[in-house]
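Visitor: Chain by chain, the residues run as shown.
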Amino acid sequence: MSLDIRTKTIILLLVTCTVGIVTNLAVEISAVCFLAMMQLLSGKSVFQYRLLIIYLALVLTQVFLFPILPETLVMVLSLFVVSLRKLFPTAMGFVWIYKTTKVNQLIATLTKMRIPKGAIVSIAVTLRFFPTIFEEWGHIRDAMRIRAIKQKGLHPFRNIIRTMECYCVPLLISATKTADELSAAAITRGIDNPATATCRKYKSMSAVDYGALALTLILTIGAVVA
Amino acid sequence: MIEIQNLTFTYDTGDSAQHPGIKDINLSIERGTCVLLCGQSGCGKSTILKSLNGLIPHFHGGDKSGCVLIDGLNVDDTPMFCLSQKVASVFQNPKSQFFNVDAESEVTFSLENQGIAVEAIDNLLGETIRDLGLEKLINKSVFHMSGGEKQIVAFAAAYISTAEIVVLDEPSANLDADSIGVIRGILQKMKQNGKTIIIAEHRLSYLAGLVDSAYYISDGCITQVLDGAELFVLADTQRKALGLRGLHVDNTLDLANCVITPNAIKKNQLIVENLHLAYGKNLVCDSVSFSADSGEIIGITGKNGAGKSTLSRCLCGLHKQKSGTITWNGQKLNMRQRRHMSYIVMQDVNHQLFADSVLNECMMGIDDVNTLDATAILKELELHEQSEAHPQSLSGGQKQRLAIAVSVVANKRLVIFDEPTSGLDYKSMLQVSGLIRKIAESGTIVLIVTHDVELIQSACTRCILIGGSEI
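So the protein lines, in turn, are chains A and B.
Take 1 as the starting number for the first sequence in my numbering and just add one per residue.
Take 1 as the starting number for the second sequence in my numbering and just add one per residue.
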């Protein structure tokens, strides 16, 4: 199943708003299940079972562990467990959209929606930028693992700060370089051409899109009313 | 027709080591010819290319005088998107010139930006796929492509474009011999189709028979003009004096030329047995076995995507093997122990420099080292004058030497170099090779992952072909 970017955005907005307004665990769990189903339907590589497992662990901690743990510990833990849990529906929605949207398809749809060229270019560049940054992050992590970065005798907190610093400096340097090279590559291919770009991969909203939207809307109303 | 008249340019940044300018360049290039710009790293080749594709003055700021005319149009007064229809570009780094996440969209990207009708694009795409034999590549995702495949797609994008002029900046820097063969084929087809090709390159052998004229650039000026035939019959001594890389393909890896014999004292021994490497279910490397003694310098070579990087990551304890063992002086090593004793000098050394000064970089995280020892090592690597400088302010070569210094201070016994000479001219390559030999003399086992045959011949004691058998 492949949905239009607009459908996906609206679904994400609806789900996030519902979960934000109706603070009910059952609703949140259904929202996560719904998004997991959307991910599964969009393809095996889109589906993130790890996210689902972490979410399950958080819910189980809250439901079963919190009642039996000492109160002070619950106070400290809940800050982490509950707030992290609440982010899950949004995070899963973003992963779903990110993994299923091609840059040229996005440009095509935004162009058809008559979004200004400048905005489209910035969105496209930003989206393209992330995978490169993740890759760089991996290299830096490798480099840090073969060197002892942590210093013995240093306060653990100072060591954490130091580790973060070690990630940030090379990452910023290579991010600037990558951004520069990507932009240079983009403008030598005429991304700033004021002519309306060809929407080669553009597909208009289909029955599946409207179906998915209707389903989400019904579920949302159901959740709000109930 | 391209006309460059009295072109002088200096970059805003003022750092002439990293951003060399050009002085008083005069050039005229006929339609349909193939022009080579050669010279040592930092001589200004790229600057000339950037003033052709419009990145100078539209993207990089600086002082410019003189003018560049493309078919009578002045580059300064022509907006980037118009220039992009006249000049297509291929850059050195395949990673950061890919704008889309699949090959097909990338190839058609410049056409889509121009707003050409869908049917016309589809026709052109079909032709390009047929001409260049891209059937297998076209639906692949960027994340599953090797560097060589990405570069081939970048070439296809230049091939399909309406641009009559193609500008290439060291496109072969990170490629294996097979991919270079493919891009040579594409260049030939471009030339047959009447495109004008301007290429800046260190690796020259694959351009034999394609180049019509070659300009040798030194310190931002054109100092010598040769025609293609003249260039490729230069005597070896002349070529080396100019600091140029080998002119003829030498894939035979004739290691009889390797004059280096391993150090006689066998202090340490690394044995790799039946190593199987995989990412998830994808097998990368199958039963790799070899042994290495201290003082040896072993080249590891093989196609892009054959598993060379995975192997080096595994040896350093950054990737867990599926099966097989790595032993050091008879003792089996786990990941942690491997991380402790080994080191990689990465292709992009920027990733591994963390501290705020060169001296601190050497001492970082190491408890039992004193400033004197570290300074002595820096002096050995000619970095002592910069010991207070910030690592990121150093030049590329200095950064690489600093990364090496770190490995010496940390007393690493196994050092792996990942493509240490990609994009380097002949002299710099020899310097790196000398440095590597120096490290090996102290008893360290050195592995070099590379496609650079000249480096292997000048530094390695033997060579392992991954995805094939040991030589």
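It is worth saying that the hints were derived from the structure and are not from the lab.
Some clues are possibly wrong.
[To be verified] What the simulated footprint calls covered on chain B by chain A, stretch by stretch (three residues with Cβ under 8 angstroms from a Cβ of chain A suffice, anywhere in the stretch; the number is not a length):
no., region
1, 99-109
2, 188-195
3, 275-286
4, 324-331
5, 341-352
6, 361-369
[To be verified] Just a sample of chain B residues kept apart from chain A, beta carbon distances all over 12 angstroms, derived:
no., residue
7, M1
8, I116
9, A120
10, D122
11, H248
12, H390
Only a predicted model underlies this, so the values are computations on that prediction, with no experimental measurement involved.
Positions of the beta carbon are idealized from the N, C-alpha and C atoms, including for glycine.
Visitor: At 12 angstroms, judged by beta carbons, does D122 of chain B keep clear of chain A as stated?
Guide: violated (8 angstroms)
Visitor: Can you take a look at whether the region 324-331 of chain B is actually covered by chain A? Rule is 3+ residues, C-beta closer than 8 angstroms.
Guide: violated (count 0)
Visitor: Go check the region 361-369 of chain B versus chain A for me, would you? Three or more residues, Cβ under 8 angstroms, otherwise it fails.
Guide: Since 4 is at least three, the answer is holds.
Visitor: With 12 angstroms as the threshold, tell me whether A120 of chain B passes as away from chain A on beta-carbon distances.
Guide: violated (9 angstroms)
Visitor: Does M1 of chain B clear chain A by more than 12 angstroms, comparing its Cβ with all Cβ atoms of that chain?
Guide: Label holds. Min Cβ-Cβ 20 angstroms, cutoff 12 angstroms.
Visitor: Just want to verify: H248 of chain B was marked as not at the interface with chain A; is every Cβ pair farther apart than 12 angstroms?
Guide: Its Cβ never comes within 12 angstroms of chain A, the nearest being 32 angstroms, so this holds.
Visitor: Over 12 angstroms from every CB of chain A: does I116 of chain B meet that, or does the non-interface label fail?
Guide: violated (6 angstroms)
Visitor: How about the region 275-286 of chain B: do at least three of its residues have a C-beta closer than 8 angstroms to a C-beta of chain A?
Guide: violated (count 0)
Visitor: Verify this label for me: H390 of chain B is non-interface relative to chain A, using a Cβ-Cβ cutoff of 12 angstroms.
Guide: violated (10 angstroms)
Visitor: Examine the region 341-352 of chain B for residues whose CB is less than 8 angstroms from any CB of chain A, and state whether their number is three or more.
Guide: With 8 residues close enough to chain A, the hint holds.
Visitor: Counting residues of the region 188-195 of chain B that have a beta-carbon nearer than 8 angstroms to any beta-carbon of chain A, does the count reach 3?
Guide: Our answer is that it is violated, as 0 residues pass the Cβ test (under 8 angstroms) against chain A, missing three.
Visitor: Has the region 99-109 of chain B got at least three residues whose CB is nearer than 8 angstroms to a CB belonging to chain A?
Guide: Three-residue rule met by the region 99-109 of chain B, so holds; n is 7.
In terms of the numbered hints stated before, the structure departs from hints 2, 3, 4, 8, 9, 10, 12, listed from lowest to highest.
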